[in-house]
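Q: Each chain, written out:
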Amino acid sequence: MGSYVFYGAWNPLFLPLIWISTLTDWFVGARIAALEDRAAKWRVLLVSLTVNLGLLGFFKYGGFILKNAGSALAPFGFPSDYPFPDIILPVGISFYTFQTLSYSLDIYRGTGRPWRSLLDYSLYVAFFPQLVAGPIVRAFYFLPQLLNPTKVRLNDVAWGGFLFLLGLFEKVALADGIFAPAADGVFDGPGVPGTVQAWCGTLAFTGQIFCDFAGYSTCAIGIARCFGFRLPVNFRMPYAAAGFSDFWKRWHVSLSTWLRDYLYISLGGNRKGPWRTLGNILITMLLGGLWHGASWTFVAWGGLHGLFLILERAVKKVVPPDSFWRGPWMTVPLGLATFVAVAAAWVFFRARSFDRAFEILGSLLGLGGPATLAALPPVSAGLVWAAVLIILMTHGVMRNRDLETAAAKTPWWGRSLVIAGMILAMILFSGEDRAFIYFQF
Amino acid sequence: MKTVHSSISSSEETGDRRSWGFAWIAGLVTVLLILGGMEAFWRSRGHEPSVTDDVDLWSVWRAEAAAHGTKSLALLGASRIQLDLSAETLRSLLPGFRPAMLAVDGRHPLAVLADLAEDDRFTGIVLCDITAMGFQREYRAGQQEYVDYYHRHSTAEQRLNRRVSSWFQDRLVFLDPYLKARRLLYQWRRSGTLPGLRYLVTSADRFRKADYGKTDVSAQRNHRLKRIREIYGNDPVPSPGEWAEMVRELEPAVRRIGERGGKVVFVRLPTTGEHWRIDEETWPRALYWDRIHGLTGAETIHFRDLPGLEDLACPEGSHLDYRDSPRFTGILVGELLKRKIVEK
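Protein sequences, first through last, are from chains A and B. Take 46 as the starting number for the first sequence in this note's numbering and just add one per residue. Take 683 as the starting number for the second sequence in this note's numbering and just add one per residue.
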């Protein structure tokens, strides 16, 4: 009930969508398990796919599809304008539809069994900490936690509270307070940025998107922990990734593993020959990009990462595993190269149009011509460079370490200083109120 | 095969209970001590709390305007009504009424009037600060952005969030964005000093107080006169006939609010000295303002008709100092009571 009240506080009109998705997969899961015939199971699974992807498609991509259909059909004499109602995107729809889908898909594949309690299952779908922006939790990770009454332990509350505070700090002080003003200034400002300014704006968004999204995930994991629940880790120091496959093992892990398990593998994964494998990677990444929003710039971002992954596979084939170039001393330069490529790819994610994206990319490469965009205030630019450097160093140091263990090994006064520092930074550096970026996905 | 470790938690180890307890308590005590010190420091330098005024806070008060039936007093307009009226005086003289400040600095208010007219939940009184110029069609959408935000994006949860943050900002100086770290760094880099005192502070109820003792009044006056000359110079004044056509278009909105038991009052708030001279020269009252009642059916109040304001002066020509706003509010409320527009 609490989760529904939480969601309804935003817009109660969209609560029925959660109920439809919940009930559909609840019944679909039970029906699939009851059937013996594979084809019959598939037909039932289609109901879940149709309902969930239909809801997602209508609310998130309806206008986009019609607009592009109009553009495609216009040259053949068809009308170019197909009006679509101006509907608000229901917050969290991309997240909870993927959760409910995973439940039916797991039962279809035989890796999960239908859950008896509809109440438990409803809590899984609507669990308020992660309902609106993830992590995308798998049913059979969460539901078993409901078998025994959860005990709220003081240590869980202390650690969960710490994670919640850390997430808020990332969002309020870093994403909104330091990064967003610089990113907005460069991406939305009128004029062409100079090279240094373009890098500053791009790095600002690189920091903003991480602190915004990882901040929300960390808050969600922290709140859940306070109630005695475990949610899966969603970010593992992604800017310390050495290579793109490593990046996707660290960035939005709950989505990347979802896409791997239910899309890439369903397409055949790497089992159908090298060319199909490359195609499957590209399709997965393009659709992963589209998941983020109804715009071709998101698709381009996904496609770029697909190309990065393909390139990485090609290089790995050429360079033998025992080569000098695969030694541990390559981790830092490879990590920095990965970071620069990932940051450049964010340009497509952030820019409002392809024209603007290419303008910024041109400036990044020093090909943008004379700068006409007003310079960022030195304080703003200085804060961005310093914060990005700190994030990179933190990710590098914590690359293969566990935060909880590191915190436990830190003396109590060290932890208290971190707690005080984060609260003070939130108060002193907070910018204007901004919704989490991933709410729009 | 390499293992990627969890970056948040994979271990049961969270440190012992007692050490976490110490960490949290010591951390929170440290925060309280530092913030207490900061609060004392800024107050000792004469700073006052001030609230961030934005569309979310406006939406809080827009929702309020529709929530109190006939006791709702919606205050529309721009900066003048925010500065010239005293919230405390208004509340003490009209204790049954719930003022909702819906003015937006620098923008003409008729989009909000149209919105209230469309909203059947609004059955209260509209006090609309406006000049004859503001009735022109091209200015009608001045505050539409706020109206659209309220209807399309504002949620109960956001408004609650804004209420809570405003409540704190209304009481704590260090929460003022003017005194946040980024602003301090800018100021320090530019002049090596801390921010000076501001003459304007905003309360959580969106009323504002102007203390002209804290600013260079002469510079403000010159700036304002230059600005008003530019505005009047760039904007040709319509003939009284053309203007009357535009004003007449508001009659349905006024009637609609009236049919629900509400009232609309257009108020011309004070401008004085050279500012008033230019206003009157450009938009002669007899040709424009005095016709509004006949064209719309709404009540009108012109500051020049109010008794007891002869010695009242706007320091920079266009707004009252906070020391004068209680007296002006008292006189204005007296007029509203006298004409039975409001009843105690």
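Hints were generated in silico from the structure; no laboratory data involved. Treat the hints with care, since some could be wrong.
Stated by the list, open to error - Some chain A residues well away from chain B (every beta-carbon gap over 10 Å; in silico): (1) 78; (2) 359; (3) 399; (4) 456; (5) 468; (6) 469.
To be verified - Reference listing, derived: stretches of chain A covered by chain B, where coverage requires no fewer than 3 residues with Cβ under 8 Å from a Cβ of chain B: (7) 162-173; (8) 190-203.
Beta carbons are placed, not taken as given, at the ideal position from N, Cα and C, and that holds for glycine.
Q: Now tell me if each hint is right for this structure.
A: Here is how each hint holds up against the structure:
no., hint, in the structure
1, 78, "holds, 31 Å"
2, 359, "holds, 21 Å"
3, 399, "holds, 27 Å"
4, 456, "violated, 8 Å"
5, 468, "violated, 5 Å"
6, 469, "violated, 6 Å"
7, 162-173, "violated (count 0)"
8, 190-203, "holds (count 4)"
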